[in-house]
Amino acid sequence: MSKIRITKQFSFETGHALYGYDGKCKNVHGHSYKLSVTVIGTPITDRSNVKFGMVIDFSDLKKIVKEEIVDQFDHATVFNQTTPHIELANELKNRGHHVILVDYQPTSENMVVDFAERIIGRLPAGIKLFSLKLQETESSFAEWYASDNM
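Sequential numbering of the sequence shown, starting at 1, is according to the numbering used here.
One or more hints might be untrue.
Stated by the list, open to error - Below, in silico cross-link-like pairs of lysine-lysine (PhoX-like), each with a Cα-Cα straight-line distance of 20 Å or less:
1. K51 <-> K128
2. K128 <-> K63
3. K34 <-> K63
What the hints assert, rightly or not - Across the chosen pairs, the derived CB separations fall in these ranges:
4. Y21 <-> F52: 46 to 54 Å
5. T83 <-> M54: 23 to 31 Å
6. D148 <-> M54: 41 to 49 Å
It is worth saying that the hints were derived from the structure and are not from the lab.
Keep in mind the model is a prediction, meaning the values are calculated, not measured.
Yeah, the Cβ is synthetic: ideal placement off N, Cα and C, and Gly gets one too.
Whole structure, please, built from the sequences with the hints as guidance.
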């Protein structure tokens, strides 16, 4: 049976700041992120299975990505917990803001690696994460491919 790739796209709004960066992105700011998630697998051949012919039900993939990424990162501000930004993060948290602390610089490159790890841990047997594309602006994005990370 042929291997088939399917892709689902997501959108969410997230703020961040890059501590120590020498450009505008050192300031707290936000992006309207677009995330494309591509998985690969073999379509189900069991005719008695309600998902016959599918690699994975789009709604099942949506549930995984919403729970692991969208619901957590949408309208949150992400800070590197190992920098002095921790003080700003704690102040915002104390004022009721949704803050995510990570152990990496919250660039698109590092976020896409984090997202890949979160998604891989939730995929059903036989389904593999093929690639992610995290678009931060209309013309700027980071991509993760399983084939580059073996």
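The hints, checked one at a time:
1. K51 <-> K128: Roughly 17 Å separates the two Cα atoms, so the pair holds.
2. K128 <-> K63: 16 Å, holds
3. K34 <-> K63: 16 Å, holds
4. Y21 <-> F52: 46 to 54 Å: Once the Cβ atoms are compared, 50 Å apart, the range 46 to 54 Å for F52 and Y21 holds.
5. T83 <-> M54: 23 to 31 Å: The hinted range 23 to 31 Å is violated for T83 and M54, with Cβ atoms some 44 Å apart.
6. D148 <-> M54: 41 to 49 Å: 27 Å, violated
Violation of the numbered hints given earlier is confined to hints 5 and 6; the remaining hints are satisfied by the structure.
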